[in-house]
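Protein chains in written order, with this note's numbering: chain E, 1 to 76; chain U, 77 to 197.
Bear in mind the hints are in silico, worked out from the structure with no lab data behind them. Glycine residues also receive a C-beta, built at the ideal position from the N, C-alpha and C atoms. It is possible that some hints are incorrect.
Stated by the list, open to error - Which residues of chain E face chain U? A few of them, derived with a C-beta cut under 8 Å, are:
| no. | residue |
| --- | --- |
| 1 | V36 |
| 2 | N41 |
| 3 | L45 |
| 4 | I46 |
| 5 | H49 |
| 6 | E67 |
| 7 | L68 |
| 8 | R69 |
| 9 | I70 |
| 10 | R71 |
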Amino acid sequence: MAANVIHALLDQAFPDGEVDVEDRTGGGDHFQVTIVSPAFNGLPLIQQHKLVNAALAAPLADGTIHELRIRTKGTA
Amino acid sequence: MSTMTLQDQIKQVIDTEPVVVFIKGTPEAPACGNSMRALQALWQAGAPITAVDVLPDPRIRQELSSLSEWPTIPQVFVKGELIGGADITEELNASGELRQKIDEALGEHTQTVSTVALTVD
Chain E
1 MAANVIHALL DQAFPDGEVD VEDRTGGGDH FQVTIVSPAF NGLPLIQQHK LVNAALAAPL
61 ADGTIHELRI RTKGTA
Chain U
77 MSTMTLQDQI KQVIDTEPVV VFIKGTPEAP ACGNSMRALQ ALWQAGAPIT AVDVLPDPRI
137 RQELSSLSEW PTIPQVFVKG ELIGGADITE ELNASGELRQ KIDEALGEHT QTVSTVALTV
197 D
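Can you make the complete structure from the sequences, with help from the hints?
Set out below in structure tokens:
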């Protein structure tokens with residue numbers, strides 16, 4: 001359920017992107033997100049991850065996400 | 077006894093220690109897999125590691141995240157600059173960029189592991 005919420009938030013933040021959300025433990029609070037998007041082109045990794053953190057600010061803040069692993073890639 | 081605020085203590089550690097990692101637990105006994113991943117990547121990159129445990133008080137993590145604008149733990153800083161969390165630190169280590177960055181930022185250095193405890197009243 002939480003995975004769907006996260007997926008929707010990421011789709012919204014990266015409309016041109018390819019988004020994958022994996023529930024790593026099956027417990028619904030440890031996630032691996034993988035995003036390939038032109039929004040990352042030319043950005044250092046830290047800025048790429050900051051965009052993802054910003055998109056998921058709400059579930060990170062309210063504890064829906066206990067652990068988040070991020071993998072980002074530009075398209076250029 | 078320190079009279080510095082918690083935020084000032086955090087700032088001071090970040091500004092004065094060459095490589096700082098805020099983790100859950102200690103380098104000997106990390107309490108979280110991601111803290112362990114960041115420590116391992118830093119160790120492999122030959123970094124002088126200064127670890128700060130955020131678990132003793134939830135305010136440490138709150139103050140840190142409001143300072144760094146980074147929501148999760150661990151957080152790695154080199155020469156006062158936020159490098160990222162476990163994923164970025166691992167990725168930069170795998171590509172060799174982490175060692176390069178540390179060597180460039182610190183020059184000649186030895187590999188050490190130490191801890192700093194923050195004073196929370």
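Hints, one by one, checked against the model:
1. V36: violated, 15 Å
2. N41: violated, 17 Å
3. L45: Result: holds, 5 Å to nearest chain U Cβ.
4. I46: holds, 5 Å
5. H49: holds, 6 Å
6. E67: Holds, because the Cβ-Cβ distance from E67/E to chain U comes to roughly 7 Å (cut-off 8 Å).
7. L68: holds, 6 Å
8. R69: holds, 6 Å
9. I70: The hint holds - I70/E has a Cβ within 8 Å of chain U, the shortest such distance being about 5 Å.
10. R71: OK, holds: R71/E within 8 Å of chain U, min 7 Å.
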